[in-house]
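There are 2 protein chains.
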Amino acid sequence: MKKITLKDIAAEFGVSVSTVSKAIHDSHEISTEVKSKIQKFAKAHHYRPNKVALNLLNRSTKSIGVVIPDILNYFFVQVLYGIEKVANERGYSIISCVTDHSLKKEAMTLEMLSSGSVDGLIISSVASERQTKKHLENINNVVDYQIPLVMFDRVMDAIECDKVIVDDFEAGYKATKYLLDTGCKTIAIINPMSKTKIGRLRIGGYKRALKERDIDFDEKLITPIEPQDDLDFILSFILNDKNIDGILALDEITAVKTMGIIKARGYHVPNDIAIIGFTNGQLSKYVTPALTMVSQHGSYIGETCANRLIDRIESISSPGIFEAKVVKTSLIVRDSTRKITLG
Amino acid sequence: MKKITLKDIAAEFGVSVSTVSKAIHDSHEISTEVKSKIQKFAKAHHYRPNKVALNLLNRSTKSIGVVIPDILNYFFVQVLYGIEKVANERGYSIISCVTDHSLKKEAMTLEMLSSGSVDGLIISSVASERQTKKHLENINNVVDYQIPLVMFDRVMDAIECDKVIVDDFEAGYKATKYLLDTGCKTIAIINPMSKTKIGRLRIGGYKRALKERDIDFDEKLITPIEPQDDLDFILSFILNDKNIDGILALDEITAVKTMGIIKARGYHVPNDIAIIGFTNGQLSKYVTPALTMVSQHGSYIGETCANRLIDRIESISSPGIFEAKVVKTSLIVRDSTRKITLG
DNA sequence: CTGTTAGCGCGTTCAT
DNA sequence: ATGAACGCGCTAACAG
Chain A
1 MKKITLKDIA AEFGVSVSTV SKAIHDSHEI STEVKSKIQK FAKAHHYRPN KVALNLLNRS
61 TKSIGVVIPD ILNYFFVQVL YGIEKVANER GYSIISCVTD HSLKKEAMTL EMLSSGSVDG
121 LIISSVASER QTKKHLENIN NVVDYQIPLV MFDRVMDAIE CDKVIVDDFE AGYKATKYLL
181 DTGCKTIAII NPMSKTKIGR LRIGGYKRAL KERDIDFDEK LITPIEPQDD LDFILSFILN
241 DKNIDGILAL DEITAVKTMG IIKARGYHVP NDIAIIGFTN GQLSKYVTPA LTMVSQHGSY
301 IGETCANRLI DRIESISSPG IFEAKVVKTS LIVRDSTRKI TLG
Chain B
1 MKKITLKDIA AEFGVSVSTV SKAIHDSHEI STEVKSKIQK FAKAHHYRPN KVALNLLNRS
61 TKSIGVVIPD ILNYFFVQVL YGIEKVANER GYSIISCVTD HSLKKEAMTL EMLSSGSVDG
121 LIISSVASER QTKKHLENIN NVVDYQIPLV MFDRVMDAIE CDKVIVDDFE AGYKATKYLL
181 DTGCKTIAII NPMSKTKIGR LRIGGYKRAL KERDIDFDEK LITPIEPQDD LDFILSFILN
241 DKNIDGILAL DEITAVKTMG IIKARGYHVP NDIAIIGFTN GQLSKYVTPA LTMVSQHGSY
301 IGETCANRLI DRIESISSPG IFEAKVVKTS LIVRDSTRKI TLG
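Protein sequence lines correspond, in order, to chains A and B.
For the first sequence, position 292 (counting from the first letter as 1) is numbered 292 according to UniProt numbering, and the numbering increases by one without interruption.
For the second sequence, position 249 (counting from the first letter as 1) is numbered 249 according to UniProt numbering, and the numbering increases by one without interruption.
Hints should not be assumed to be uniformly reliable.
Cross-link-like lysine-lysine pairs, in silico, DSS-like; alpha carbons within 30 Å at most [stated by the list, open to error]:
#: 1; chain 1: A; residue 1: 3; chain 2: B; residue 2: 40
#: 2; chain 1: A; residue 1: 43; chain 2: B; residue 2: 104
#: 3; chain 1: B; residue 1: 257; chain 2: A; residue 2: 339
#: 4; chain 1: A; residue 1: 35; chain 2: B; residue 2: 133
#: 5; chain 1: A; residue 1: 2; chain 2: A; residue 2: 85
#: 6; chain 1: A; residue 1: 285; chain 2: B; residue 2: 263
#: 7; chain 1: A; residue 1: 134; chain 2: B; residue 2: 35
#: 8; chain 1: B; residue 1: 197; chain 2: B; residue 2: 62
#: 9; chain 1: B; residue 1: 104; chain 2: A; residue 2: 22
#: 10; chain 1: A; residue 1: 133; chain 2: A; residue 2: 105
#: 11; chain 1: B; residue 1: 85; chain 2: A; residue 2: 133
#: 12; chain 1: B; residue 1: 285; chain 2: B; residue 2: 257
#: 13; chain 1: A; residue 1: 257; chain 2: B; residue 2: 339
#: 14; chain 1: B; residue 1: 35; chain 2: A; residue 2: 104
#: 15; chain 1: A; residue 1: 105; chain 2: B; residue 2: 40
These are computed hints drawn from the structure, not numbers from a lab.
Everything numeric in this text was worked out from a predicted model, so none of it was measured.
Full structure from sequences and hints, please.
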């Protein structure tokens, strides 16, 4: 069976296209019998108005583009989940694109999406750090294009748009304070995101917490790592060099791996070394011991992004004034940290 | 800055729309100076052809719809990853929709997607089991609509289309055989997907493996569970009742939870009880001990789906004859099973 | 070289 | 009660 159009139906009954259109929309202008016979035929042939034609007519696609660096990362999936949920409720579809942390792909995706395919864009930009001027310009084009844009998590200050960000400073502070409160003296940081602002903010919070207790900050306790690094090897240095009794791992997988290595080396978690990880996902709950984590509420971030964006699209929000919403984190206490001693 | 169209540019220079179109496409029909001035203007104003208009013109959107029951399930994310990868390489975008295991949502999504928004569909249907006739009809409409469809994992026999499925029978067989080979005598199954064909196939493989060893099948060893069930409570029955030394958990999260409970009850894994889980994801590698799993190669499934679908769309495949591709599983041996004893 | 016309599929005037 | 005409933004065939 071929895809059927108004034209086909019109030909079938020897009437005009507009008559068919009106009949299908149950217009009172059309006689009852013509209406019913056309409607019956349309239903029998599964007529459905061509979305693309309507999009063109309405200059709106009722869909929003989501651009994320990585879909195998549970945090982004959670955000996507939140976006999809709200979008769906409000009658929008999602076009999701993954950039694989590649600037070039991100540029291409933006280019593609910003030419009418979507009514708005939600993005977590790879380029949040290594800000090429060219790329910045690229994103700005999107904004100039009059297409609403919401950035989350990895945002760029130089772009004027709505933003939904995590209070990473507070997260770092909170986690550090908790380790301190539970008796840790020397806290190391394993930092797999050393080049990002997010990483810097978390370390900022860490420093702040130390300062409050008059503990000197020691640069050597901070270890930046890259994906290709041998974590086991790196940890041996850290563990031998200092008398560490607490570790902050700035993402979930690093937290999990770090704990595995530490346990294998015979340390007890949390008695010898306590660990807190960032970005609560699926893993931390089921490892042994279950990891204490900083949760960023990915789904909530997604929902917030989607609501803000759709408000913009339907211009409920006041135009021109952009807002940056800061989402607080919370500490999910499990068994990789010692219990807090009251009194 | 407003979105700019050919018409706007034409007005700007007092030429016709088609001249502008040709100039922008660098047609040889247009004089060099007109071309260059138009091109310059277009670039300055970030002109980009309206995708929607082109879609209407070409009767193609260069995008494919993906419908999955759950995006927080790592298997589906892996499939999505594979699809996205291939689609991207071949110049297609993804519109992803989540049905939350709801038949109604799936019907709505299909309805929405099949009216011109996408060139083809990849779906894992919630309805693969509780096949309402109405719903079947609904999916069949899509097929009738002349829009290419590929089903994966949870497929429906009654739908005629390309399919990519997992060899679940073999998976059940393989896992059971491995437990048997490593000395297990009494193997229980925890089945969180008791209503699906997939679950039945895996159990079929299990029975087959038992039969090969002349072990009688005991219905009581199979325990169906529902999401709301108290696994701890259920396991106490199973463990008390039988002298179980091996467990097959038919999905990852059940495997992980089951192992946690078993360990908490003082059993040693794998010496007292060995465990194999299905659907290898992120979790199983990092729990202690690391779980032996059956991998379904989600990403590969996704790639296969996408390639098949795009071939169909571009009608490289021979039309009319549908293929069902069966993807083999593999056993990833880790530490929740005993070592195989050679000789 | 440039412009006119037509049409993708639809809904919305405005005539008849 | 029905139909013709128009336009959404674009390309392509054809005319000048």
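Hints, verified against the model:
no. : hint          : verdict
1   : A:3 x B:40    : 41 Å, violated
2   : A:43 x B:104  : 19 Å, holds
3   : B:257 x A:339 : 24 Å, holds
4   : A:35 x B:133  : 29 Å, holds
5   : A:2 x A:85    : 33 Å, violated
6   : A:285 x B:263 : 15 Å, holds
7   : A:134 x B:35  : 25 Å, holds
8   : B:197 x B:62  : 33 Å, violated
9   : B:104 x A:22  : 28 Å, holds
10  : A:133 x A:105 : 16 Å, holds
11  : B:85 x A:133  : 28 Å, holds
12  : B:285 x B:257 : 14 Å, holds
13  : A:257 x B:339 : 24 Å, holds
14  : B:35 x A:104  : 28 Å, holds
15  : A:105 x B:40  : 25 Å, holds
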